[in-house]
Amino acid sequence: MTAPTANQRQRRQVVLLRPVPGNSVVHRLWAGTKLLMVAAIGILMTFYPGWVPIAAVAVLVLVAARVARIPRGVLPSIPGWLWILVFFGGLTATFAGGSPVIDFGSVEVGLGGLFKFLRITALSIVLLGLGAMVSWTTNVAEIAPAVAKLGRPLRALRIPVDEWAVALALALRAFPMLIDEFRVLYAARRLRPKDVASTRRGRFRNAWIELIDLLAAAVVVALRRADEMGDAITARGGAGQISASPSGPKAIDWWALAIVIVVCGTALALELTILGTSGVTG
Amino acid sequence: MTRRSGALSPGELAQASVIAALSAATAIIAVVVPFAAGLSLLATVPMGLLAYRYRLRVLLTATVAGAIIAFLIAGLGGFMTVINCAYIGGLTGIVKRRGRGTMTVFLSSLVAGAFFGVLVVTALAVLVRLRHLIFESVTANIDGVAAIIARVPNMQGFAETLKRDFATALDYWPYLFFASSVWSIAMVTLIGWWALSRVMSRLLTIPDVHKLESSADGETIAPVPTQLRDVRFRYPNSDHDALGPVSLNVEPGEHLAVTGANGSGKTTLMLMLSGREPTAGTIERPGSVGLGRPGGTAVIMQHPESQVLGTRVADDVVWGLPPGATTDIPKLLGEVGLDGLAERDTGGLSGGELQRLAVAAALAREPSLLIADEVTSMVDQDGRGALMEVLSGLTKHHDMSLVHITHYNDEADVADRTVNLTGNGGVADNTEMVETASAPAATVTAAHHSDKALLELKGVDHEYGSGTPWAATALRDITFTVNEGDGLLIHGLNGSGKSTLAWIMAGLTVPTAGSCLLDGAPVSDQVGAVAISFQAARLQLMRGRVDLEIASAAGFSPRDRRRVGKALATVGLDSGLAKRRIDQLSGGQMRRVVLAGLLAREPRALILDEPLAGLDAASQRGLLRLLGDLRRNSGLTLVIISHDFSGLEEVCPRTLHLQDGVLAPAPTAAGGRS
Chain A
1 MTAPTANQRQ RRQVVLLRPV PGNSVVHRLW AGTKLLMVAA IGILMTFYPG
51 WVPIAAVAVL VLVAARVARI PRGVLPSIPG WLWILVFFGG LTATFAGGSP
101 VIDFGSVEVG LGGLFKFLRI TALSIVLLGL GAMVSWTTNV AEIAPAVAKL
151 GRPLRALRIP VDEWAVALAL ALRAFPMLID EFRVLYAARR LRPKDVASTR
201 RGRFRNAWIE LIDLLAAAVV VALRRADEMG DAITARGGAG QISASPSGPK
251 AIDWWALAIV IVVCGTALAL ELTILGTSGV TG
Chain B
1 MTRRSGALSP GELAQASVIA ALSAATAIIA VVVPFAAGLS LLATVPMGLL
51 AYRYRLRVLL TATVAGAIIA FLIAGLGGFM TVINCAYIGG LTGIVKRRGR
101 GTMTVFLSSL VAGAFFGVLV VTALAVLVRL RHLIFESVTA NIDGVAAIIA
151 RVPNMQGFAE TLKRDFATAL DYWPYLFFAS SVWSIAMVTL IGWWALSRVM
201 SRLLTIPDVH KLESSADGET IAPVPTQLRD VRFRYPNSDH DALGPVSLNV
251 EPGEHLAVTG ANGSGKTTLM LMLSGREPTA GTIERPGSVG LGRPGGTAVI
301 MQHPESQVLG TRVADDVVWG LPPGATTDIP KLLGEVGLDG LAERDTGGLS
351 GGELQRLAVA AALAREPSLL IADEVTSMVD QDGRGALMEV LSGLTKHHDM
401 SLVHITHYND EADVADRTVN LTGNGGVADN TEMVETASAP AATVTAAHHS
451 DKALLELKGV DHEYGSGTPW AATALRDITF TVNEGDGLLI HGLNGSGKST
501 LAWIMAGLTV PTAGSCLLDG APVSDQVGAV AISFQAARLQ LMRGRVDLEI
551 ASAAGFSPRD RRRVGKALAT VGLDSGLAKR RIDQLSGGQM RRVVLAGLLA
601 REPRALILDE PLAGLDAASQ RGLLRLLGDL RRNSGLTLVI ISHDFSGLEE
651 VCPRTLHLQD GVLAPAPTAA GGRS
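Line by line, the protein sequences are chains A and B.
All residue numbers for the first sequence refer to this note's numbering, where the first residue is 1 and numbers rise by one.
All residue numbers for the second sequence refer to this note's numbering, where the first residue is 1 and numbers rise by one.
This list has only true hints and no planted wrong ones.
In silico lysine-lysine, DSS-like type, Cα no more than 25 Å apart, as pairs: (1) B:579 / B:566; (2) B:579 / A:194; (3) B:396 / B:331; (4) A:194 / B:566; (5) A:250 / A:149.
Hints were generated in silico from the structure; no laboratory data involved.
Given only the sequences and the hints, what does the whole structure look like? Please build it.
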């Protein structure tokens with residue numbers, strides 16, 4: 001029996017690909033601008049993962065979240081095991097010691113290891129938050145046209161960007177339907193009696209067979225969906241327009257880009273000169 | 001599976017998109033859900049299948065689309081998972097397509113792993129700072145563990161070794177990362193290869209439901225007037241004609257209704273009109289068909305969800321129009337009664353609204369011929385009325401011919417002319433038409449049931465996404481009781497919360513407030529005790545063959561032929577069906593096999609969500625008769641959830657109406673039942 005405990009009951013459901021309702025400046029930015037910013041900041045952070053860039057981007061994300069009026073409720077519940085994992089990671093790293101060393105009266109604690117651990121944790125959180133901001137403020141319908149426009153230069157290299165954009169739009173359309181079907185599939189699985197094999201090996205084997213069965217059922221459903229979608233595309237005479245409204249940057253987008261460039265540029269300059277923390281230490 | 005070059009065909013595009021969504025979904029689950037990382041091993045299978053069935057360009061398109069979706073939801077981790085799955089899945093699929101064996105896969109996986117390893121090492125060599133951060137952070141963790149171990153007496157030596165060995169290993173990181181890349185890619189490839197082979201052996205029997213074909217258009221597009229003479233059609237690998245011989249005309253500007261039972265070739269006639277070549281006979285048109293082209297032929301099909309291609313209403317209207325074409329979207333939406341919904345998400349529309357949207361998208365092409373193929377069969381009663389109103393006005397306001405294929409009598413009545421397809425040797429029983437039934441009044445008088453309460457719902461509220469900005473109330477203050485032997489029909493339109501109610505009653509969803517009790521205990525602690533048959537029967541059939549399926553659903557050995565036969569007999573199926581493959585069953589048979597598996601477990605109650613959807617008249621009546629018999633003869637407690645009434649009131653003497661998440665008017669809350 002898979003009885004949901006009180007804990008499970010309180011866990012927030014994950015809502016996918018639905019923006020937080022609102023019409024803030026961040027919501028109104030062109031989807032392409034947001035994707036560009038995330039890509040650029042992501043590259044900056046992988047090359048220079050120092051405290052200054054991390055803090056600068058964290059501030060950017062928090063300010064943007066404030067402006068977009070993102071409530072705290074959007075955050076998924078963090079499961080207990082993750083807290084435990086982070087705690088133990090921090091604990092073991094603290095024991096490693098290293099500079100800087102802080103004096104707690106009689107005990108000297110070297111925080112070097114802990115800082116390293118905290119930095120990589122902060123980096124992951126900031127990168128996740130950056131991506132999440134895009135999902136929380138962008139309507140899915142705007143993403144494919146933006147990708148088509150951003151990728152336009154690639155057409156000169158005979159890369160079928162428009163085809164990719166059409167497929168992306170269709171995949172985003174099919175995604176919630178498939179998720180619904182997965183939900184039913186999982187529910188149907190829960191309704192069934194549990195495994196009857198007595199040996200561990202038998203149970204293992206049955207689990208694999210069942211996984212294959214589930215996968216086959218999911219694939220069959222997806223293939224049917226694809227066949228029907230193919231018919232629907234044929235009925236429209238093939239691919240063509242994917243969006244009714246024009247997609248492109250407006251004045252506000254240039255301002256937003258300028259802000260991001262200034263903030264990240266300053267952080268990078270500081271990182272490379274006086275406040276460097278990601279440099280290679282012996 | 002012909003190799004082609006150039007732009008993707010509609011079929012290829014659809015396959016790439018759906019597989020992209022599938023692999024993105026799997027990758028996201030693998031990244032987000034803890035301990036589900038193993039799932040990403042299986043995410044190679046859909047990509048492998050795509051590489052097996054289509055050319056590389058399709059795989060590449062799916063990879064890009066899937067990776068972007070995974071990135072939007074799960075960040076870089078999701079992105080990399082999809083890329084990896086495409087890399088490994090593509091490898092296994094291509095090897096499979098070439099007809100090679102395990103050895104080839106293994107060898108090519110070593111090459112692929114080596115290539116990937118070089119990439120990883122190069123990336124880490126370039127990203128000096130990130131590499132140092134990761135290495136130093138992990139080193140700190142290891143050193144810390146060593147420091148803790150060193151405090152244990154007699155363990156100093158071990159701690160020293162751990163610390164030193166890890167440091168040495170890091171010195172040789174390029175070799176380490178290279179070797180682990182080769183090893184993991186080879187392992188994942190072998191598992192993926194095995195899983196792909198298993199899944200593919202199951203997929204051999206999937207019937208091709210792909211129907212429409214892009215028309216090869218000549219200079220002039222002019223589909224009407226069309227003249228069919230002695231047209232017959234036979235599907236490849238079939239031993240009988242699916243249609244014909246049929247002779248009929250479609251005149252300009254007329255509204256023609258085509259009626260006939262399932263199996264009489266109605267849908268095949270649609271294919272003929274939309275440009276497929278008949279096997280015999282002739283079809284004459286003044287020009288070419290122009291399927292989906294301006295001034296050509298437009299088709300609206302049965303499934304509301306799958307023919308809508310845009311995520312926003314306005315986007316769907318223009319979807320597929322040639323670039324640069326301008327469309328008066330507000331006018332089109334106004335004509336189909338969807339005024340002001342241009343910016344709405346298509347995911348939130350009801351079946352009827354989706355079908356009217358499909359009409360708007362068809363009208364955007366100003367077609368000369370519009371074919372509507374059973375467009376109302378998956379739409380609720382209100383939606384059906386609104387949709388019929390739109391359809392019947394089309395030929396008056398536009399210069400077009402409308403061919404409306406239907407199995408409802410009253411829908412054919414509004415046409416200028418009706419053609420009845422008699423079918424080719426069809427079953428006599430099959431030719432009756434469905435009368436749409438009107439809603440019976442809500443009743444509380446139950447004919448014969450015991451007074452023992454079985455399922456009790458007390459003040460049930462349900463809200464999706466509680467505590468998030470997307471919170472949406474589905475049910476409010478639902479209170480009623482289902483007694484043993486009851487037959488209860490819960491009637492509600494799309495979006496009334498009836499499916500949520502069904503999930504709560506089966507214990508699959510825990511309500512946000514209130515309780516749903518089975519024999520006095522929460523039903524969510526007894527999942528499986530109340531059986532539920534979902535609307536999509538295919539999703540509930542997990543095994544490849546009927547006997548395996550029933551045995552697995554009911555929990556007995558598939559070798560127990562007697563019990564399989566008995567289960568099949570319960571639902572009126574012949575035991576000869578036991579060895580049949582699931583994907584060879586008809587829609588009605590699938591639903592019965594689901595019921596056989598559920599009933600074999602002797603559930604306390606049986607819930608059916610839209611049991612009649614997608615079944616033809618004869619199968620509907622057969623299923624209703626079966627359900628009525630089960631309730632009368634074996635005292636089965638039945639709860640049917642539907643937007644339809646046709647015949648259900650005989651099976652379910654008691655009716656509850658659900659509207660916008662509340663019971664209206666609440667007939668059982670009074671508690672004044674005898």
